[in-house]
Amino acid sequence: MKIEVRLFIWLTPFFLVAGVVYGVLTGWDEPVGYLGIPLVGALMAMIGAYLALTARRIDPRPEDDENGDIEQGAGDQGVFAPWSWWPLVIGAASSIVFLGLAVGWWVLYIGFIFSVIGLIGWVFEFSRGRHAH
Amino acid sequence: MLLPATAVLCAMLCLSHVVAGCSGAPGDAFRTRVFLASWHMGVTTRSLFAWSFRGTLPPFVSKREHIREIVRKSTRASPRSAFLRASNGRGVSNNGSVSTTETAAAPTAPQHVSVNRPNPVSVGTIVWLASELMFFAGLFAMYFTVRSVMPAEEWAAETAKLNLTFAAINTTVLVLSSVTCQMGVLAAERFQPVRTGKIFQVGRWGMHEWMTLTYVMGAIFIGGQVFEYAELVHEGVTISSSAYGSVFYLTTGFHGLHVIGGLIAFLFLLGRSFAARRFGHHEATTAIVTSYYWHFVDVVWIALFAVIYFLQ
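Protein chains in written order, with the working numbering: chain A, 1 to 133; chain B, 1001 to 1312.
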């Protein structure tokens, strides 16, 4: 996973330096820039460090191998839900919530009720009924 | 007409071999067998049909399509059963995350070794948390901007009303809850949902006990925050009283909302675990990503605490 790790890790020092340069140019007078830019570096470091730790824990993948073939990557790619209606419910509920912000508080409460139903349905989708395990 | 018929025939043939090769309980062994049988049958049937229908046969469906077909037929349910079986596989990872995986590694299948990949749920959670970092970066930027434009003595008059001792105790509770959360993750990684000893034998606790304790500590933190807000409002610091009040309540308030979100996540985690007859990767992954979120919120609080109460 060298590429993924470097993509993020190598941008960290860039943003830290950019933050310092920004601070110097603005006379350390404008906190949004000299705080925000280094924190973008922290964002990069966070993802990069996690990928680096993960890379140490797993075997090299076919895509890490210069001479790898596409078919070596066959098999499990991860666990994914093949289909689900719940995101649609949550999406609709969120629209009602935002409509509530625009129209009136009472709409918001209705939206909350649907959000709770959608969220619970989504989280427990693969834990109950036919999919109980 | 001929082609669908051959496809069905082929699938049924494979299915019969799968069933014959399966000794009973669906599980990993079953999954591996499904895979091996389908692969070998795929090879043999392909050559068989290629020979029988020379020149009339289109390219054979891909290996993965083929396997998907077999699994679909063999479960007689939607493909989601296959999803669940996959989420219940064996394969303990050492510290850190549970990886997605392993049909493979059967010595008889040199053609195919399934790849041990990063868990997409964990990676996705980290990427999302990185974006959350940017959200809090905005709040920090707001705090320091207001601090730089507000008259110093006015600012100092407001910060003097903060109760450092109380906040420090509250912070300690939250930091310790990260420790208990991590203990819960360790229990989840050894697939142990419940304790094996008495309730006070902490060393034998499972994930439920540790996560419940974490939940209680998080709830104590929120209770402490509410208490602190009440005190400050009593002293006249409200969200609309001054610019300091606004940034104080916005930063700590958004953090508090995140902690509440974490508490809800713990409820969902416990609910999933209670609902599962067999504690598997599905539940362990939930525990791990919830802990990521909790640690993140904890670290953000340490930064907020240092800025608001020490740096002032």
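Treat each hint with caution, since some may be false.
To be verified - With beta-carbon atoms standing in for the labels, derived distance ranges:
(1) A/D64 with B/Q1201: 40 to 50 Å
(2) A/P82 with B/V1149: 47 to 57 Å
(3) A/S94 with B/S1241: 25 to 35 Å
(4) A/P62 with B/V1149: 32 to 42 Å
(5) B/T1145 with A/W10: 27 to 37 Å
(6) B/W1128 with A/I110: 24 to 34 Å
(7) B/F1200 with A/S94: 36 to 46 Å
(8) A/G73 with B/V1149: 52 to 62 Å
(9) A/R61 with B/A1152: 50 to 60 Å
Stated by the list, open to error - Here are a few chain B residues that sit away from chain A, every Cβ distance over 10 Å (derived from the structure):
(10) K1161
(11) H1281
(12) T1285
Said to hold, decoys possible - Here are a few chain A residues that face chain B, going by a calculated C-beta distance under 10 Å:
(13) R57
(14) V79
(15) F124
Note that these hints are calculated values from the structure, not bench results.
Yeah, the Cβ is synthetic: ideal placement off N, Cα and C, and Gly gets one too.
**Request:** Sort out which numbered hints this structure fails and list those numbers smallest first.
**Result:** The structure breaks hints 4, 11, 12; every other hint is satisfied.
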